[in-house]
Amino acid sequence: MSKPKVLVLRAPGTNCDEETAFAFELVGASAERVHVNRLLDNPRLLSDYQIVCIPGGFSYGDDIAAGRILANAIMAKVADELRAFRDAGNLILGICNGFQVLIKSGLLIEASPNGFEATLAWNRSGRFEDRWVHLSSGQSKCVFLQGVESLYLPVAHAEGRFVVNDENVFTRLSANGQVALCYSLAAASASAKQFATAAVNSGASNWGSEHALPCGVSDPYEILPFPHNPNGSMGNVAGLCDLTGRVFGLMPHPERFMDRTQHPHWTRLKEDNVGDGRMIFENAVRAFD
Amino acid sequence: MSLWQVTIFPQEANGDLWARQIEASVRSGILGLKTPALQHFSIASARGFLVQGALDEQEIERIATKLLCDSTVETFTLTKPLHPAQGEVDNSRAADEDSGSDVTLVTVLPRPGVTNPEADSALQAIRLMGYQPLAARTFRQYRVRGLDENDVHLLATKVLANESVEQIEFGPIRLQQLTMDADYRFQLTHIPLQNADAEQLRTISARHQLSLNLEEMQTIQAYFQSLDREPTDIELETIAQTWSEHCSHKTLAGKIEYRDENGVRNFNNMLKETIFAATHSIRKQLGDSDWCVSVFADNAGVIKFDDEINLTFKVETHNRPSAIEPYGGASTGIGGVIRDTLGTGLGARPLCNTDVFCFADPNTPISELPPGVLHPRRVMQGVVSGVRDYGNRMGIPTVNGAVYFDQRYMGNPLVFCGNVGAIPHRHSFKQPQPNDLIVSIGGRTGRDGIHGATFSSAELTEASERVSSGAVQIGNPIVEKMVVDVVLQARDLGLYNAITDCGAGGFSSAVGEMGEAIGAEVWLERAPLKYQGLSYTEIWISEAQERMVCSVPESKWEAFHELCESENVEATVIGKFVPTGQLTLKYGGHEVGKLEMKFLHDGRPGTVRRAEYSPAPSEPLTGPHLTSGANFDPRQDIVSLLGSLNIASKHWIIRQYDHEVLGRSVIKPLVGVHNSGPSDAAVIRPRLDSRRGAVIACGMNPRFGDFDTYHMAASSINEAIRNCVAVGADPSRIAILDNFCWGYTDRPSTLGSLVRAALACQDMAEAYETPFISGKDSLNNEFSFINSTGQRQTISIPPTLLISALGQIDDVAKCVTMDFKQAGNHLFLLGQTFPELGGSHFSLIHGLQGGRVPQVDTTSSKQLFADLHQAMLLGWIRACHDLSEGGLAISLAEMAIAGGLGCSVDLGAISVDLSDLPTAERSLDHYATIVKLFSESNSRFVIEVANEHREKIAEHFAGRLYELGTVTDLKSLQLNDGPRCLVDVDVETLRQAWLQPLDFGNEYAGESRADKEANHE
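Sequence order for the protein chains is B and W. The opening residue of the first sequence carries number 1 in the working numbering; numbering runs sequentially from there. The opening residue of the second sequence carries number 1 in the working numbering; numbering runs sequentially from there.
Rather than coming from a laboratory, the hints here were simulated on the basis of the structure. Careful: at least some of the hints might be erroneous.
[Said to hold, decoys possible] Result set (DSS-like, lysine-lysine): computed pairs, CA atoms no more than 27 Å apart in a straight line:
#1 Lys77(B) / Lys66(W)
#2 Lys598(W) / Lys270(B)
#3 Lys650(W) / Lys272(W)
#4 Lys530(W) / Lys586(W)
#5 Lys270(B) / Lys971(W)
#6 Lys430(W) / Lys594(W)
#7 Lys270(B) / Lys66(W)
#8 Lys141(B) / Lys3(B)
#9 Lys862(W) / Lys304(W)
#10 Lys158(W) / Lys650(W)
#11 Lys255(W) / Lys284(W)
#12 Lys304(W) / Lys272(W)
[Unchecked claim] So, partial list: chain W residues that the calculated Cβ filter (under 8 Å) puts toward chain B:
#13 Gln21
#14 Ser25
#15 Leu67
#16 Asn568
#17 Ala630
[What the hints assert, rightly or not] Listed next, with one range per pair, are the computed distances between beta-carbon atoms:
#18 Pro225(B) / Arg691(W): 52 to 62 Å
#19 Tyr531(W) / Arg38(B): 47 to 57 Å
#20 Asp87(B) / Arg691(W): 35 to 45 Å
#21 His228(B) / Arg692(W): 28 to 38 Å
#22 Pro225(B) / Asp916(W): 22 to 32 Å
#23 Lys141(B) / Thr75(W): 30 to 40 Å
#24 Pro225(B) / Gly847(W): 52 to 62 Å
Glycine residues also receive a C-beta, built at the ideal position from the N, C-alpha and C atoms.
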């Protein structure tokens, strides 16, 4: 299959659908923006696609909590179909609001009998912020991050702080290779990078008992200061994948860095600089080569 | 039937973010709390929902668990509110066992009927779970400790709630039901006019809040006398809306007799003969290469962008609603201007927002506030949150803006909201057809926003906060986003012939305008209502948000309706454009109003207004600071200027806006190595698949207006253009907009200062060949109150003209930013410096009076703009920054801050001619140096040039460029004047001075450790 078909889901208040569809098209996929009502009415629609993307925005105004209402709608009507879609080898990507929806519908972390074990809560700053962040990828099976070490992307959200019910949940997630993407120090800071790489590769720096550490964190509560970790996320988590690595949610916006002139200080950089966000979309398309 | 109260509490350590923000604002001291010691003060917050419906306890518990509460970070309680009659015992203040001090429970709820999007969403989501709730309302609840009763009241009314849209309950919630439908019994109301005398006519206008003057009332009286009947209430309201200042611009588009030092000039239509005339003559000269498409005709101006799309641009003001309810006022301002874009042609697609505000000093002590005025910090925080929440939710990036501070904006803040849109050429015009259906889409009609159009044309008083609350609204951005989504699809499918927004005046003005040339019949009982009980007149004039009106051919109605329904957007036929030339209003079969369109639109009497202007006599620059040369401390001046409110970084505001959504941003509002430098303008790519860019910038100089509004207007235009050119815009393709915000224009001197500014607009537009394409005015911006000695006092805003510019650039890769790029590069000043310190920020921080106000030389600057653009296209310019507030010194400092580099500059090469100044001024110590550093002369830039282009630049700008020095990696700003070192200051010091003053959000810093420890407990 050379040109995978992408369903870019739009709900009332979704607002990054156009540029996200464009990003997929740029890297060779064919993308369609589909209203959520169409999918809820007819879940079998999924069989026409290989990738489902829930883009950024404020679905249903993010009223009650970010992504909550769309997540409930998905849980009520298409959760099983989406799981089957994933198990058939297809991909699901949630960006920003899409990440919030994926986590609140249990598609990234299955709910325990007592309910959900993690969430994306209000930023520690208590407000929406748009700023660029450095990211490093963890040792995960995430299909979207294969070969990706570090990224520079913008975040723009009010509710992106990753929180778990208790430490064991975090331990489990990192042991399972689900902690895919973390806020980090500038890639230019060689020492930080070396530290991160060393921590992951050597397994020497352990947290808990014997689990290797994702993204160079030695303690999930010992987080990078603001603004490096822009929202106060536990373990500096910026993105997670599910157990298969084929469902990925992240707070930063890769679709906003597809062209060098989208970098916030591109006028200082060389002309051969390309958008970091491309890698994520290219990996998604490559998975169907 | 039950009414349930679900109260949701944060359960994380330090998780009560809302309470922390309130605490910070209380401790900042702006509230002036009288409680002697604040050390016992603390506050805890909860959020919650009231849900009414046939739900048992198990069901509501399931709803709370699965939907309303996030169990990872929150817990909830389930109760029933007290019956209003229940419990005389006042348990609002109970002894708190933990601390021993008093705790007061304060609950804040939206008033009945106020838009409550979150409650609407909750209802929808509860229905999705299979239940049938009737109504819901959100609330916030606070437990306040350590304040006495008076202070709790002050806190509740000044910080926790805004009583124009919210109600406060002290103690537990007492409420029986949420539903608010009331019966409406139709009764047609006539207003007897035929025999009224002048006094009675005035009384009728005032009693019905019509804001019509006597002459207008008499014209209406004569019209109905000729029909031999009395008008109905709805007819009078319709005329009042149509003739309101807000809708018809009767002052500026009216007859004016203007007198200034050059004599008398009579205008039949002032705007048409000045600003429109300039555009007309530019278009005529351009001939076949005219790139204006639609000017001063539609809801926004339209210009050509490329072979497929045009761009639209409109800037609106929303001043009065923002004075009373800053959050709602600003958010509905943004919502309104986005609907202007959507209502232009057959519907343009909104691309980006621009927001400009004028406030009083946010650090004003509460004791200095006039009665009835919200604290400027609260106004600012509310306005910023309103723009943030509406713009971000709509998914439209806010890319450009400015904030201007002056104490005269105290009772009357200004909020300018702009929107740029894109529209295919073929959809750029509209034409409703006879017998098309009148279709309302989007939000429902409620009692909110009654009399907004007439309210916005009147002066604010200390009582406005109470009497005008109906004119203040809360927006629902998601409803508007859904409307945008379906309208653009319906447009491409050709399902309607015309579209316009429901703004001021509601259906009355939307249908009235659209049917002007045809006639219309409206069936008011069909309009979908938020709740029952509205009269036919309320339905007609309600300004409820998020509504558009479309003109749909009957044959397309089914398809149109189906499309809307498929995305849950309500669309309703409310009438028909019947070709009668009449506006006929019906309610349930009764005819309630019938007016000739011709009378409605052309019947307004043409009052001649008097306008006078005499420029202030020129005075030499004076002030204690200038008397002794020993006072001159340029290092301190630079630090003070960077920390002054107009110049200080606006990052706290900018970062709360999503400025990148839609993926089109090229030059962001914050640029440079730390993404923190102040860009001169924003650049976006309107099309994702093209490298052609649109440039958005603005110019505003209210302080210059204190000297001469002509030079103020000229400087604002020059500033808007040079901001565009500084990032790479082609100066021959810039379109501009005007927004006049003035005081009471029935006063000839006030109107005179406005006409004078309009004359400058005409002169500048013609000279630069920069057409005005749209504009909007807001008059009578004055606040009056009774002061402590019982005297009536009035604060008028300074004459304020915002010029917004929309430029274009062929290839965005040629754009230039203002940050220093590389040590060793050369720095040049372009343009002539004059001793123009009048109205400058140097004068402001030192309290200086007099001096010369900056003027504009259009001939030399037009050439300079063209040459600079040429040099940019050739790739010779590495950085470019315009000189504005604070002059050369501040521009250099900003470039250094943005680039993380320093510079070494010698002012020696700059020549300044002081010869024609008064001796008193010329002979001041260090005067030439002050002028070089801080004069705010127009048409100037600092450019950074690599060594290889140095000679070419010298040749290219011969006679107009002054070599300043070089960029250095010493990270210090070194300024010399000849052999004398004036300033050597660390860039980091400058950066801190610039970042701090308007940073209201650094409470986060250094918190992670505390969190960690708290979590480990």
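So, going through the hints one by one against the coordinates:
1. Lys77(B) / Lys66(W): 15 Å, holds
2. Lys598(W) / Lys270(B): 63 Å, violated
3. Lys650(W) / Lys272(W): Given that 27 Å is the threshold and the Cα spacing comes to 37 Å, the pair is violated.
4. Lys530(W) / Lys586(W): 20 Å, holds
5. Lys270(B) / Lys971(W): Status holds; Cα separation ~23 Å.
6. Lys430(W) / Lys594(W): 26 Å, holds
7. Lys270(B) / Lys66(W): With Cα atoms ~50 Å apart, Lys270(B) and Lys66(W) exceed 27 Å; violated.
8. Lys141(B) / Lys3(B): Distance ~23 Å between Lys141(B) and Lys3(B) Cα, so the pair holds.
9. Lys862(W) / Lys304(W): Holds - the C-alpha atoms of Lys304(W) and Lys862(W) are around 22 Å apart, at most 27 Å.
10. Lys158(W) / Lys650(W): 25 Å, holds
11. Lys255(W) / Lys284(W): OK: Lys255(W) and Lys284(W) at ~26 Å, within 27 Å.
12. Lys304(W) / Lys272(W): 22 Å, holds
13. Gln21: Result: holds, 6 Å to nearest chain B Cβ.
14. Ser25: Violated: closest Cβ of chain B sits about 12 Å from Ser25(W), beyond 8 Å.
15. Leu67: Result: holds, 6 Å to nearest chain B Cβ.
16. Asn568: Hint holds; Asn568(W) Cβ to chain B Cβ min 7 Å, cut 8 Å.
17. Ala630: 42 Å, violated
18. Pro225(B) / Arg691(W): 52 to 62 Å: With Cβ atoms ~38 Å apart, the hint is violated.
19. Tyr531(W) / Arg38(B): 47 to 57 Å: Because 32 Å falls outside the window, the suggested range is violated.
20. Asp87(B) / Arg691(W): 35 to 45 Å: Once the Cβ atoms are compared, 42 Å apart, the range 35 to 45 Å for Arg691(W) and Asp87(B) holds.
21. His228(B) / Arg692(W): 28 to 38 Å: 36 Å, holds
22. Pro225(B) / Asp916(W): 22 to 32 Å: 57 Å, violated
23. Lys141(B) / Thr75(W): 30 to 40 Å: 35 Å, holds
24. Pro225(B) / Gly847(W): 52 to 62 Å: 41 Å, violated
This entry does not satisfy hints 2, 3, 7, 14, 17, 18, 19, 22 and 24, going by the numbered hints stated previously.
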